[in-house]
Amino acid sequence: MLFNSYLYIFIFLPITLSVFFFAARRAGETTAICWLIAMSFVFYAWWNPAYVPLLAGSIIFNYWCGRSLQNADNRHIAGAVLVFGITCNLLLLGYFKYAGFFAGIVNALSGAEFLVGEIILPLAISFFTFQQIAYLVDGYKKVVMSSGFLRYCLFITFFPQLIAGPIVHHKEMMPQFQESRIFCFLSSNLALGSAIFIVGLFKKVVIGDSLDGLVTPAFSAAELGENPGFYSSWLAAFAFSLQVYFDFSGYTDMAIGSALMIGIQLPVNFFSPYKAASISELWRRWHMTLTRFITEYIFTPISHKLARLSLKLASNTWLLLILASVIPLIITFVLVGLWHGAGWNFVLFGLYQGLLLSLHALWQQMKRAKRRKFTIPKSLSVALTLLAWVWGVVLFRADSLTGITAMYAAMLDISSLSALKGASLYSAAVVVILYGLTLILPNTEQLFHQHRPRLSDKSLEKLRISATRIYWKESIPCAIFFAAMFFTAMVFMTRKIEFIYFQF
Amino acid sequence: MYLRAQVLLLAILLAILAGFNYVVDPYGIYSPDHSYQFNHNKTEFFMKEPVIKPYRVSDMRPDTVILGASRAGFGYDENHAYFDDKKVYNFSMAGASMYMIYRAFQHTLHESELRHVALDLSMTAFDEHHALVARDKKNAGIDVFEELISVREDGSKNWLSIFRKLAQIPQFLLSYQATKDSIKTLQHQGSHQGWYLNNKGGWRGSTLPPGISQGKRFVRILHLLANDYFSHSSSSQSFSIYRENGELSRSFGYFENLLDDAYKNDIDMTLIFSPSHVFFYEAVDYHELSKMYVEWKRQIILINTNIAAQYRKEAFPVWDFAYYSWLNAEMVPEKSNQIARMRWHYDPLHFNRAAGNHVLDQVYLNKEGTGVLLSASNLDAEMSIQAQKKKDYREENKAVIENVKDIMSRAAARFAKQN
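As they're listed, the protein sequences go chains A and B. Whatever position you read off the first sequence (first residue = 1), add 16 for my numbering. Whatever position you read off the second sequence (first residue = 1), add 45 for my numbering.
These are calculated hints, taken from the structure and not from any lab test. In this text, a Cβ means the ideal position worked out from N, Cα and C, and glycines have one as well. Be aware that one or more of the hints could be misleading.
Listed next, with one range per pair, are the computed distances between beta-carbon atoms [what the hints assert, rightly or not]:
1. K202/B to G241/A: 42 to 50 Å
2. L428/A to Q222/B: 36 to 44 Å
3. I384/B to L453/A: 47 to 55 Å
4. E198/B to N90/A: 53 to 61 Å
5. I257/B to P493/A: 46 to 54 Å
Straight-line C-alpha distance at most 20 Å; calculated SDA-like pairs for lysine to any residue [as the list claims (entries may be wrong)]:
6. K291/A to S395/A
7. K489/A to L48/B
8. K434/B to E447/B
9. K210/B to F28/A
10. K157/A to G229/A
11. K489/A to Y47/B
12. K225/B to G229/A
13. K489/A to L53/B
14. K225/B to M501/A
15. K210/B to M501/A
16. K158/A to H92/A
17. K210/B to L166/A
Covered by chain B, per the in silico footprint, the following chain A stretches (three or more residues, Cβ under 8 Å) [as the list claims (entries may be wrong)]:
18. 202-214
19. 486-492
20. 497-507
Whole structure, please, built from the sequences with the hints as guidance.
Spelled out as structure tokens, the structure:
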């Protein structure tokens with residue numbers, strides 16, 4: 017089920033919330049939680065009921081592994097359970113997401129003819145698998161507490177974040193599920209949650225979906241091997257970077273807003289990434305819960321291992337940097353690329369991001385080594401970061417290597433610049449205005465900062481949220497403004513356009 | 046207070062918008078038979094037929110339907126004398142593949158007491174590539190169409206369609222597109238030069254606005270045939286009624302299913318190879334598809350005969366108006382001539398209502414006409430006669446043939462350059 021559908025907004029959400037609060041009051045918290053789990057399964061099954069047993073099986077299996085880890089006194093046994101649990105999760109993910117891709121590689125390298133039938137990728141498999149791997153690792157580290165199967169089930173299936181995150185930690189959600197306040201209806205939660213939901217819906221359907229018309233023609237032409245032209249290809253790349261931002265941050269806002277209506281806080285996932293002055297900062301602001309996950313469970317362990325190795329080999333700063341930062345960054349981001357999808361374009365996207373981040377790390381080290389305070393004006397840094405990002409999103413959006421090659425060839429083919437048309441200049445103006453707005457306007461977090469709609473997080477504290485002149489409060493002018501936004505979103509909600517991140 | 050104000054304002058805004066779109070009713074869903082002067086002509090229907098027509102059929106419950114692609118919508122008149130005592134609906138859809146036509150038939154059969162069907166047969170609806178596109182639901186509006194059809198392909202009830210129909214209502218009442226179409230509907234009343242949808246599903250209106258050359262229209266459609274029908278700009282596959290392994294296109298499977306259901310349910314069906322202008326047959330010839338065209342007709346006859354035999358019934362009549370007859374050899378005006386209008390044809394693919402009436406008169410009222418009744422027994426003989434007529438026409442109209450070839454070669458060169 018899509019957040020941006022009449023069904024979700026006018027039927028599913030009102031029924032789910034009403035029955036939840038009614039059940040909590042009349043039949044107790046357990047009944048209310050059971051209802052929420054049942055509705056989360058309905059939410060998931062709406063896409064394809066055939067994969068509900070897969071989700072249910074994955075939950076039961078991981079809960080069993082988690083319990084075994086928590087109860088294990090012997091570290092060796094716990095280690096074996098952890099390896100077994102992670103392996104099973106990765107095999108499941110690998111089968112559904114990567115079987116065709118890797119069979120293709122093996123066939124190409126060996127000349128074999130492994131045939132993998134058409135496998136439909138179950139919705140949200142990357143998200144719920146990663147969330148459960150994190151749960152197992154935390155269980156091994158004994159940092160998760162036992163809270164019963166029902167609440168664990170809700171932790172995985174909780175519909176606002178089931179499909180595309182934010183990726184949450186067990187320790188963030190379980191305490192909230194046990195608080196009695198979430199079972200009491202609060203109009204302030206409904207007002208705040210609905211306001212955040214409206215912002216997300218507006219971002220998605222009014223801005224994100226409308227940009228599709230500027231993106232798809234150029235990328236489709238490139239997929240056919242045609243040259244979309246210098247101007248159209250750049251316009252499409254810039255428009256896509258805006259589309260994916262408004263689409264995914266819109267989704268996140270809707271997830272946070274939906275959860276907040278029940279009084280559940282989710283972590284922030286976006287914090288104006290296009291205001292970042294470096295690629296490293298951009299990744300700290302973009303899909304923040306994924307960045308947190310990969311840092312904690314992939315980058316840091318690899319980095320620590322290689323740092324120890326480097327110290328054993330020689331105490332050279334540059335070697336340490338390469339082993340502890342550059343190599344882990346590249347490995348981590350290639351895996352991030354693969355997490356997004358089984359395709360060479362995603363591998364290249366990850367590699368490109370890893371290289372950019374490595375270059376940034378080397379640059380920082382160079383500045384430290386020279387002990388000079390060489391600074392680039394912030395506006396230039398922001399522009400350069402954005403340009404590097406836009407260049408990279410072509411890899412993310414294109415479906416094949418043919419598409420990538422054709423797009424980059426067009427983006428470098430300055431000779432086709434002369435074929436400018438008035439209509440496309442208008443499109444460029446729209447894109448420029450939208451970039452301007454993303455740079456000037458406060459983000460959702462800043463708009464609602466005073467009401468603390470999200471979980472506090474270390475990474476967020478580092479971003480030092482400052483007060484803005486534009487903010488939301490429960491007032492009549494705000495009610496009118498948000499009703500108008502909601503109305504506009506309703507009118508634009510004509511097509512069933514899925515969220516870009518649903519495919520991951 | 047905040048929530049109350051927000052809900053109240055939102056309710057007012059949504060009610061105003063829904064009320065406006067309900068009253069104007071741009072797709073003729075809510076008041077198709079009682080429309081007023083300000084919204085009588087439903088002008089904004091193009092490419093939305095797969096969404097509009099299933100609703101209308103469920104509402105109207107016709108006992109007679111006309112099925113086919115846009116040609117049937119253009120050419121067949123639901124007010125023809127034959128339909129006087131029948132509750133007829135024209136369930137043709139622009140660009141419909143055989144799969145869509147079959148699904149439209151299934152829907153009508155399920156929703157009403159269907160008795161009579163006029164099925165317009167078009168070779169382009171049997172294209173294997175077209176069938177694949179339809180199956181993959183990548184075509185515009187196909188996914189919604191599929192959801193609205195009240196039976197599944199296997200004949201079982203599609204319970205979700207009831208819900209989907211309800212879920213579609215906001216699209217008709219609240220969407221940006223519906224609002225835009227409502228405004229256009231109001232603007233286009235009286236002054237509209239194009240087509241509009243009548244309350245029986247047919248395309249009506251002026252054929253070509255004054256000042257538009259019909260000769261140019263012919264050239265444009267020949268280019269369209271070259272780029273989108275016989276070669277596919279979105280794919281490397283060219284037009285074919287065969288699969289890659291040499292078997293017949295799966296469109297024939299849908300055709301067989303349709304006939305099977307029709308014989309099983311005692312439907313009175315007439316199959317019609319409707320007229321096309323000779324420019325169309327010349328375009329077919331230019332793309333070396335003439336043999337395929339004859340084979341397509343042959344397969345239709347054989348399938349119809351075989352299924353009738355299975356049910357021990359008389360085969361449905363198959364009328365052929367699609368050959369080099371005087372009706373189809375009408376002179377096309379020069380491109381520079383912006384006034385002349387053709388009597389029988391709109392463009393190489395689409396015939397006018399006059400030609401449609403010519404067909405219906407002969408098929409249903411036994412009047413004289415250019416149609417030939419085809420059957421398994423006279424098929425070879427009739428195909429030979431038609432081949433001779435083609436030869437004769439080409440002998441007598443060499444300049445016309447060269448002109449079409451020239452247009453097609455230019456269209457093919459343009460297509461090759463684009464791809």
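Quiz item: Which numbered hints turn out to be false for this structure?
Solution: Going through the list in order, the structure violates hints 10, 15, 17 and respects the others.
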